[in-house]
Amino acid sequence: MATNKKLNSSWNTLFSNIEEQGVPFDEPVSSSNVYYAFLANIEYNYNNDKYDLFFEMVSQEWMQNTILFNDQLLKKPSLSPPPKSPAVLYGIQDAESSELIDALGVDKIDDIEEGAWYKLEFDVAPDGENLDESDSSLWGEIFDYEITND
Amino acid sequence: MGKGPTVTVKTYGRYNLRSGRKIDKIGKTRLYTRMSRLHGMRLRPLRRVLPVLPPIQSIGIMDIGQGNCNLLFDQTNTPVTYYDFGYPNHFNYRSAPLSLKFGDPAFLGPILPSAANGINIVLSHWDFDHYGLGYIYGLDNIPWTVPDDGVGPWTRDFCARLEANNMLTRVTTPVHYAINYTIFRCVPTPGTAPIALRNNRGIAMRIATNLPSTDATIHRVLLTADANFDTVPPAARQNLTGILAAHHGSGLHGAPDHLPVQANNYNNQGRVAFSYGIKNGVYCYGHPRPDAVQKYIDAGWNRQCSTAEGVNVRTDPTQANRGNIRMGINTPLGPGFQNTAFTNFPNQLD
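Heads up: the protein sequence lines correspond to chains Y and H, in order. If you read the first sequence in my numbering, its first letter stands for residue 213, the second for the next number, and so on. If you read the second sequence in my numbering, its first letter stands for residue 3, the second for the next number, and so on.
Hints in this document: simulated from the structure, not taken from any laboratory. Worth double-checking, as some hints may not be accurate.
Simulated coverage check for chain Y against chain H, where a stretch passes if three residues somewhere in it have a Cβ under 8 Å from a Cβ of chain H [to be verified]:
1) 239-249
2) 262-272
3) 294-303
4) 307-317
5) 326-336
6) 342-349
7) 353-360
Source: prediction; values computed, not measured. Where a beta carbon is used, it is the ideal one built from N, C-alpha and C, also for glycine.
Looking at chain Y on its own, in the form it has when it is part of the complex (with noise of 0.2 Å):
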């Protein structure tokens, strides 16, 4: 237990140090809109011959800088388990499998891995604006689930 208080107050070092560069630090949406994601599932849909996705997502700038990139603070990352992440959801509806190999960059549709890590760049509206979707069927919402329970 003494280790875990130990790296536990690490983390803590960790996120007030950054806190003191005046950048806030648990905002999900990525400001590069690029994202370390997930690929928690992806399901075939018989009915139109495309398919369903769903990524965890955690921002490139929340990754990088408590996960990927610090290695004086943690040094036994695997005796604790990470802090709390801004992770949130980001599901495709109905991708045509021909976009999805060229986006991944993979050879067919079955190379696309269940539960492996990907590096996501997107596209988004700038604030007032709407892009037109039709050109891509890899339009995607991200969301969270707000749950109260009484």
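Following the hints, put chain H in place on chain Y, whose structure we already have.
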């Protein structure tokens, strides 16, 4: 019952997936270890194999819409263990019955596991349609037995609460014998496509039970959720009189192939339950596939019943006969389990 949790969806906007690339485990191990690895307790093999104890009396295949949720009842007709506690994902919410639609006037909610009633959860794999009810209800104070597989950051935060409460146990052994069931760690067959690996490396459950209920001989039921039947050892596929159709009746990646044979004296009398959802008259993902349904018949699994259509598997999208299925003896539940979405069983495989 109370009105249940309030569930709303917070959206952050529409995004177009422009490009992406898979991050290999080699060279990025900290992504897979720090963010995905579960730290819960390991489930270790018992030193001595338990004898077959008085079996499970019946198994509920619950109607939750598109997903899976199975409930084991012991010899006193008391619910003891869930195998999966799922809920339809965001796109299939409308397939849920009114009794499970949060906010609907007809909402009743499930039989909730709690420290008081001692119900535990065994999870086949980390798909929301297999664990969603547990997530929505925030059930981090009851025991979960889960596959030793990675999770995403959104699920990881829920798992962290389970770990903090010492409620998460990972299955790390090929076989584990419990009081009321046996757990098998599924192993994908060589050549399984990456897209199907996760479904096929979860955990399956085999249950000793009186099925058919008129036969005092103990037989077995095998539940594999989304995993193919050939992912469990051949020994686990013996003496079966009941199964759950793999992957909601899918026809892809070998799901309806390598079906087990029935126990002696029950050739062509096997009981098979299908768990799938229909929304607005459309079968979610096209499950179950008609050709897959036929393969089960061809393999002797002729007594068929579904949560979405009763015995009219893949023939009645009006859902006139939707509802929970009881595999085994259909004794009405006691007073402690009334007025829930899981109280009544309009469908039976006995």
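Against the structure, the hints come out as follows:
Counting residues of the segment 239-249 of chain Y whose beta carbon lies closer than 8 Å to any beta carbon of chain H gives 5, which reaches the threshold of three, so the coverage claim holds. Note: the segment 262-272 of chain Y has 6 residues with beta-carbon separation from chain H under 8 Å; the three-residue rule is met and the coverage holds. For the segment 294-303 of chain Y, the stated coverage by chain H is satisfied: 8 residues place a CB nearer than 8 Å to a CB of that chain, which reaches the threshold of 3. Counting residues of the segment 307-317 of chain Y whose CB lies closer than 8 Å to any CB of chain H gives 3, which reaches the minimum of 3, so the coverage claim holds.
Here the segment 326-336 of chain Y counts 11 residues with a CB under 8 Å from a CB of chain H, which clears the bar of 3, and the coverage holds. For the segment 342-349 of chain Y, the stated coverage by chain H is satisfied: 3 residues place a CB nearer than 8 Å to a CB of that chain, which reaches the threshold of 3. By the rule of at least three residues with a Cβ nearer than 8 Å to a Cβ of chain H, the coverage given for the segment 353-360 of chain Y holds, with 8 such residues.
When held up to the earlier numbered hints, the structure conflicts with none and fits them all.
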